[in-house]
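Enquirer: When you line the sequence shown up against our numbering, it's residues 138 to 822, in that order.
Read the hints as simulated data drawn from the structure, not as lab findings.
Beta carbons are placed, not taken as given, at the ideal position from N, Cα and C, and that holds for glycine.
Honestly, I wouldn't trust all of these hints.
[Said to hold, decoys possible] If you anchor each label on the Cβ, the simulated ranges turn out as follows:
no., residue 1, residue 2, range
1, Asn590, Glu339, 21 to 27 Å
2, Lys653, Arg608, 42 to 48 Å
3, Glu241, Pro183, 22 to 28 Å
4, Met595, Glu615, 29 to 35 Å
[What the hints assert, rightly or not] Each computed DSS-like pair below joins lysine-lysine, with the alpha-carbon atoms no more than 25 Å apart:
no., residue 1, residue 2
5, Lys479, Lys460
6, Lys373, Lys479
7, Lys596, Lys437
8, Lys213, Lys184
9, Lys213, Lys348
10, Lys286, Lys167
11, Lys192, Lys177
12, Lys738, Lys585
13, Lys437, Lys653
14, Lys365, Lys720
15, Lys797, Lys763
16, Lys472, Lys460
17, Lys437, Lys286
18, Lys546, Lys372
19, Lys141, Lys167
20, Lys540, Lys348
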Amino acid sequence: MITKELINPNSIVVIGASNDIEKPGGKILKNIIDGQFTGKLYVSNPKEDEVQGIKSYRNTADLPHVDLAIIAIAAKYIPDTVALLTQQKETKAFIILSAGFSEESHEGKLLEDKVVELINKVNGSLIGPNCVGILTPAHHSIFTLPIPKLDAMGCDFISGSGATACFIMEAGIPKGLTFANVFSVGNSAQMGVEEILQYMDETFDPATSSKIKLLYIENISKPEMLMKHAASLIKKGCKIAAVKAGSSEAGSRAASSHTGALASSDVSVDALFRKAGIVRCYGREDLISVASVFTYPELKGKNIAIITHAGGPAVMLTDALSKGGMNIPHIENAKAEELLTKLFPGSSVANPVDFLATGTAEQLGTIIDYVDNEFDEIDGMVVIFGTPGLFKLFDVYKVLDEKMKKAKKPIYPVLPSILTAKEEVEDFISKGRVNFPDEVTLGTALSKVYHTNKPLLMKACTSHVDEGLIRAIIDTSENGYLSPEAVQGLLDAAGVPRAGEAVVTDKLKAVAAATKLGFPVVMKVVGPVHKSDVGGVVLNVRDITSVEKEFERMIQIKDTTAILIQPMLSGTELFVGANFEDKFGHLVMCGMGGIFIEVLKDVSAGLVPIGKVEATQMVRNLKSYKIIQGVRGQDGINEEMFIEVILAVSTLLSVAPEIKEMDINPLLGKKDKVVAVDARIRIEK
């Protein structure tokens with residue numbers, strides 16, 4: 138829990154404070170002093186009587202009562218120090234800078250656990266260990282640089298890495314990005330990114346709290362907490378962007394289902410972020426660019442006008458925006474012709490609006506007014522204006538700033554001459570503006586922000602399934618892959634349409650089943666994991682003789698326990714599957730089926746429970762969505778029925794959380810129906 142003593146302490150002690158400001162204990166003390174902390178500041182150093190002008194307590198036991206302790210001593214001494222402070226000095230908040238804990242060894246983990254236990258006993262707060270500290274308006278308890286001038290409406294930034302926090306601030310501050318609070322959580326022994334975000338949610342004040350939250354996460358230990366409070370903050374008007382590092386995996390994990398092989402912790406992170414409404418970023422510049430977009434008014438549509446005096450950057454921005462799903466509509470109307478008369482000969486207003494290298498500040502103002510007031514097809518504009526160094530740009534940037542104050546549509550400034558026009562750019566930023574030096578980075582960030590959905594959290598609804606039958610099948614089944622009969626029962630209970638079928642163990646029953654289902658039929662072995670790899674699937678079996686011949690061959694395939702017979706159906710192969718991801722819960726995935734799931738890996742994923750809006754997005758986010766719609770005269774697939782299968786699987790998983798892996802593959806889709814042809818379900822109680 139976060140205590141008042143951590144955020145706004147009346148007194149602070151630095152344990153291990155030093156006169157050497159190149160050491161953490163020395164630098165953090167200097168930063169607290171320079172930050173003009175208004176409370177009582179103490180230091181403790183067994184070898185000094187005075188540190189940086191402040192009386193030093195050689196013996197920690199001699200300290201007065203103190204709210205917040207910042208500790209920069211060797212790990213092995215810290216449990217005893219924390220015990221003394223919590224038990225004798227009423228200390229309720231701790232920032233432990235020291236390393237040597239769980240990040241290093243098992244012994245270090247034991248020390249860390251002891252520290253957490255001591256702090257929890259007094260309902261205290263712990264940041265760290267192995268962190269750089271925190272930065273709030275009340276105190277600059279951080280031993281690194283930069284320390285930005287804090288702005289209550291700047292970004293709240295929570296980082297799992299102290300060094301990365303520094304580098305991200307280094308990247309953002311020169312562009313004009315400001316910060317409100319910075320938390321470096323280090324090992325997150327007691328509180329991690331999730332707990333800090335929870336605090337920000339529970340204490341959010343729309344009048345005084347920052348509405349931009351930036352996260353750098355190396356480990357999501359509490360996905361549900363992160364999702365809940367991120368979604369809550371976004372619904373309150375906040376915008377959240379996050380980098381989740383460690384997304385790659387050295388190799389595929391062993392999995393016996395297609396979905397299990399495709400699923401990963403990173404796919405789960407994607408699904409979590411989409412469900413919560415978090416904009417996912419993949420690096421420092423990406424995060425800074427998205428945060429910078431957040432500082433501007435919300436873009437209400439995806440039609441962008443590019444205003445430029447340089448052709449090349451406009452072309453690159455057009456490419457970036459188009460790739461990101463934004464539009465740069467052609468502008469051609471009477472007002473556009475009127476605007477053209479106010480510009481130098483050779484200018485273009487078709488979009489990009491190019492008013493040449495000789496364009497003036499006055500012309501820029503005129504163009505912005507036309508785009509803002511006369512071009513209804515435009516939702517926002519990007520202004521690209523740099524210089525080769527022939528003249529100063531103060532007048533241009535002054536006009537740009539004034540127009541940004543009054544415009545109804547958002548204006549995003551790309552001022553690329555950060556060296557040649559350094560003074561002018563800094564003057565522009567000093568007015569509270571944020572600059573985008575690179576147009577492609579802006580285009581990518583703007584697209585990403587625009588296409589990130591609002592939170593999709595919902596409660597599971599099971600009223601439309603046979604919950605009793607589902608539980609009866611699960612409760613009476615053994616761990617492992619379920620029998621075909623049990624799978625059929627679960628699909629029927631969940632409302633997943635499926636092909637007629639029969640499971641047989643002798644030749645006569647095979648003939649009878651094939652005759653009843655109607656030729657041609659498909660015959661599949663029951664038992665082996667990947668049937669097609671062992672010759673365990675035969676299509677277009679057209680007569681009794683062929684049924685007998687194939688049954689005799691297939692029943693001898695290793696691990697085969699029975700033969701599944703189904704009518705031969707046609708349609709486009711789809712798939713819906715599910716996998717249980719530790720901590721995250723069930724992940725439902727959909728995409729093209731058959732071999733395409735393995736070759737193309739074109740899948741969408743969502744975390745259970747999934748509602749109709751999210752299921753629809755999952756389908757429409759597929760790269761192969763045009764096939765579902767129908768392409769080149771071919772019939773499409775019934776999208777509504779495909780979505781209903783996704784919803785049915787989500788509901789099934791809500792009722793039967795014991796399901797660990799599930800594949801419906803193929804799921805045959807046509808314009809009038811979607812039918813499950815084959816399915817496997819593995820449970821683990």
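Enquirer: Run every hint past the structure and note whether it holds.
Expert: Here is what the structure says about each hint:
1. Taking the beta carbon of each, Asn590 and Glu339 are about 24 Å apart, inside 21 to 27 Å as hinted.
2. The hinted range of 42 to 48 Å is not satisfied by Lys653 and Arg608, whose Cβ atoms lie roughly 31 Å apart.
3. Taking 22 to 28 Å as the suggested C-beta distance range, the pair Glu241 and Pro183 conforms, at roughly 24 Å.
4. About 33 Å separates the C-beta atoms of Met595 and Glu615, a value consistent with the hinted range of 29 to 35 Å.
5. Of the pairs offered as hints, the one joining Lys479 and Lys460 is violated, with about 32 Å between alpha carbons and a cut-off of 25 Å exceeded.
6. Of the pairs offered as hints, the one joining Lys373 and Lys479 is violated, with about 44 Å between alpha carbons and a cut-off of 25 Å exceeded.
7. Between Lys596 and Lys437 the alpha-carbon distance is near 29 Å, which puts this suggested pair outside the 25 Å criterion.
8. Taking the CA atoms of Lys213 and Lys184, the gap is about 18 Å. The hint holds against a cut of 25 Å.
9. Between Lys213 and Lys348 the CA atoms are separated by roughly 40 Å; this puts the pair beyond 25 Å, and the hint is violated.
10. Distance restraint check for Lys286 and Lys167: the Cα-Cα separation of roughly 16 Å lies within the 25 Å cut-off, and the hinted pair is therefore satisfied.
11. At roughly 12 Å between alpha-carbon atoms, Lys192 and Lys177 fall within 25 Å of each other, so this suggested pair holds.
12. For the suggested pair Lys738 and Lys585, the alpha carbons sit about 22 Å apart, so the restraint of at most 25 Å is met.
13. Taken as a hint, the Lys437 and Lys653 pair is broken in the structure, with Cα atoms around 58 Å apart against an allowance of 25 Å.
14. Taken as a hint, the Lys365 and Lys720 pair is honoured in the structure, with Cα atoms around 14 Å apart against an allowance of 25 Å.
15. For the given pair, Lys797 sits about 31 Å from Lys763 by alpha-carbon distance, which is inconsistent with the 25 Å threshold.
16. With a C-alpha separation of about 29 Å, the suggested pairing of Lys472 with Lys460 is violated against the 25 Å cut-off.
17. Between Lys437 and Lys286 the alpha-carbon distance is near 31 Å, which puts this suggested pair outside the 25 Å criterion.
18. Restraint check: the Cα-Cα separation between Lys546 and Lys372 comes to about 23 Å, which is no more than 25 Å; the hinted pair holds.
19. Proximity of Lys141 to Lys167 is assessed by CA-CA distance (about 23 Å); at most 25 Å being required, the pair is judged to hold.
20. This hinted pair checks out: Lys540 and Lys348 have alpha carbons roughly 24 Å apart, not beyond 25 Å.
Of the numbered hints stated above, those contradicted by the structure are hints 2, 5, 6, 7, 9, 13, 15, 16 and 17, listed in ascending order.
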